[in-house]
Amino acid sequence: MKRQGAVGFLLLLLWACSSSDSTGELEFRNFRATPGKEGFNAALYGVIENNTDFPETLRTVTSPAAKVTEIHRTVHTDGIAMMQPVPEGVVIPPHSTFSFRPGDYHIMLIQLRRSLSVGDSIEVAFSFARKPSQYIVVSVKRR
Amino acid sequence: MTLSKIVENNEKPENRRPGWFSEILFLLVVSILLVRCSSEFPVEHDLSKKAFRLIDQNGRSVAFPADFRDTVLLVAFTYTACPDICPLTTDRLLQASERIPEELPVRFVLITLDPQRDTPQQLRDYADLYQLDLQRWRLLTGTIATIDSLRSAMEIYAVRSPLKKLPDGTAYYFINHTDALCLFDRQGRERQRYKGSEADVERVVRDVQQLLSQQ
Numbered sequence: 618m619k620r621q622g623a624v625g626f627l628l629l630l631l632w633a634c635s636s637s638d639s640t641g642e643l644e645f646r647n648f649r650a651t652p653g654k655e656g657f658n659a660a661l662y663g664v665i666e667n668n669t670d671f672p673e674t675l676r677t678v679t680s681p682a683a684k685v686t687e688i689h690r691t692v693h694t695d696g697i698a699m700m701q702p703v704p705e706g707v708v709i710p711p712h713s714t715f716s717f718r719p720g721d722y723h724i725m726l727i728q729l730r731r732s733l734s735v736g737d738s739i740e741v742a743f744s745f746a747r748k749p750s751q752y753i754v755v756s757v758k759r760r
Numbered sequence: 108m109t110l111s112k113i114v115e116n117n118e119k120p121e122n123r124r125p126g127w128f129s130e131i132l133f134l135l136v137v138s139i140l141l142v143r144c145s146s147e148f149p150v151e152h153d154l155s156k157k158a159f160r161l162i163d164q165n166g167r168s169v170a171f172p173a174d175f176r177d178t179v180l181l182v183a184f185t186y187t188a189c190p191d192i193c194p195l196t197t198d199r200l201l202q203a204s205e206r207i208p209e210e211l212p213v214r215f216v217l218i219t220l221d222p223q224r225d226t227p228q229q230l231r232d233y234a235d236l237y238q239l240d241l242q243r244w245r246l247l248t249g250t251i252a253t254i255d256s257l258r259s260a261m262e263i264y265a266v267r268s269p270l271k272k273l274p275d276g277t278a279y280y281f282i283n284h285t286d287a288l289c290l291f292d293r294q295g296r297e298r299q300r301y302k303g304s305e306a307d308v309e310r311v312v313r314d315v316q317q318l319l320s321q322q
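Quick mapping for you: the protein sequence lines, in order, are chains B and P. Following my numbering, the numbering of the first sequence begins with 618 at its first residue and continues without gaps. Following my numbering, the numbering of the second sequence begins with 108 at its first residue and continues without gaps.
Treat the hints loosely; a few may be bogus.
Stated by the list, open to error - Partial pick of chain B residues on the chain P-facing surface, computed with a CB cut under 10 Å:
1. T651
2. F657
3. N658
In case anyone wonders, no lab produced these hints; they're calculated from the structure. Every residue gets a Cβ at the ideal spot worked out from N, C-alpha and C, and that includes glycine.
Only chain B is shown next, with the shape it has when bound in the complex:
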């Protein structure tokens, strides 16, 4: 019971942190995770909007839902789809957006710790070069 309470509090805290992005300096739009069985991989897609006057670099993304989380990019060459890790992160220009979308840049949830079904939620942390980390809750969606 205590553990459930602690988890609930943590979720509330995460939600509060994500809501603290109300300054609007960094906005997270339409973030969603794909479904997956425990042990499978899944992907995160969405848009980050940088409303500041400076470029911002997204360095890493983490989530307790997966053993490892990596930023990747899918590149198509001669009909072959190749996934390239992007360990350096991605730069979001000032007053601009950066999209993570299917078949392009995406965030990989490698080896899910639990099954993710449509309607579930997971917590995700985004670490930036300049701004403090941002925490958001992401829903699992089919498409």
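We have chain B already, so just place chain P on it with the hints.
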């Protein structure tokens, strides 16, 4: 005398075309049309005489494509650990399956590019995840040698990325692969290939219907 009579009377017998001329002309036009129609789906890869020994999601042996004779197939090469491209392809195929009436002789096949990890159980889990109707869908794996042989016959590229390790020491990898969705006719010949992750579902459905009507 009516005009038609005048024309009839003035018509020289040597100018009249014999009856067989129109028949030959008709056959010629039909032949051209048939060639034109069939060339819309040229044979990309002929597997009609092949029987690759694979295993389905229930562990049953399957001879591909021999066991699917008289069925039009939509075949995608995917793997269950693929997080970005393969789910898109599966989703396109799922959308196509929802638009193709169940009573038509069409089946949907996923063949793994990762036979080492994709066991029948793993394929069942994948089918469950996407709620695939296993009356119409088959998920196939096999030995590495057989999958390689099938890939080679169909010119499907697949190469593992370098091994990486999880914090617990478990190795993991991804597979760079041809992004393909293939349309097979009832004889086991590949007749059309699409970019799987971006396949135009309406076009795929139209092609399936056209191929069914031709055969």
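Against which earlier hints does the structure fall short, listed by number upward?
none
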